[in-house]
Structure formats: C-alpha cells, structure tokens
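Undergrad: Sequence:
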Amino acid sequence: MDEHAEWDDLCERRMAEPGAAEAYEAARIAFELGRAARKLREHTGRIALRRRAARPSTR
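Here the sequence shown is numbered in this note's numbering, starting from 1 and rising by one per residue.
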C-alpha cells in the first residue's frame, strides 16, 4: 500500500470515530479565526507604519 492510500485509510477511520466530525469542524473554525486575526494584525501594522512614516521626525 502506498503512503497516500495509508493516509486516506487513516483519515477515513479517524472520521468514523464518535465526535471526530465535530472536532474537525471546531479545529477548522479555530484555524479560520486565527487566519482572520493575523490578517487584521498585518493590516493594522501596515497602517501604523504608514502613520509613523508620515509624521514629522521629533528627533
């Protein structure tokens, strides 16, 4: 059996276990939330850098 087939079999067996689908969905939601938070942090950071760059130097 090749590696891909072994992984497919493992995935199929795992998803057949009680609660696996719910756990998978919870992990997916957590991943999406983390990705959205990162995008917001990156966007906010870019705005903050632009504002600092636009300010006159106080040195």
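Treat the hints with care, since some could be wrong.
[Unchecked claim] Quick list of the computed label-pair ranges, beta carbon to beta carbon:
| id | residue 1 | residue 2 | range |
| --- | --- | --- | --- |
| 1 | R55 | A5 | 52 to 62 Å |
| 2 | E12 | R52 | 34 to 44 Å |
| 3 | G34 | P56 | 36 to 46 Å |
| 4 | D2 | L40 | 37 to 47 Å |
Hints listed in this document are in silico derivations from the structure and should not be mistaken for laboratory results.
A quick note: this is a predicted structure, and the numbers were derived from the prediction, not measured.
Note that beta-carbon positions come from the ideal geometry of N, C-alpha and C, so glycine has one too.
Undergrad: Does each hint hold? Answer for all of them.
TA: So, going through the hints one by one against the coordinates:
1. R55 with A5: 52 to 62 Å: holds (59 Å)
2. E12 with R52: 34 to 44 Å: Roughly 52 Å apart at Cβ, these two residues miss the hinted range, so it is violated.
3. G34 with P56: 36 to 46 Å: Given range 36 to 46 Å: holds, Cβ gap about 37 Å.
4. D2 with L40: 37 to 47 Å: Taking Cβ atoms as reference, D2 and L40 lie about 41 Å apart, which means the hint holds.
In terms of the numbered hints stated before, the structure departs from hint 2 and from no other.
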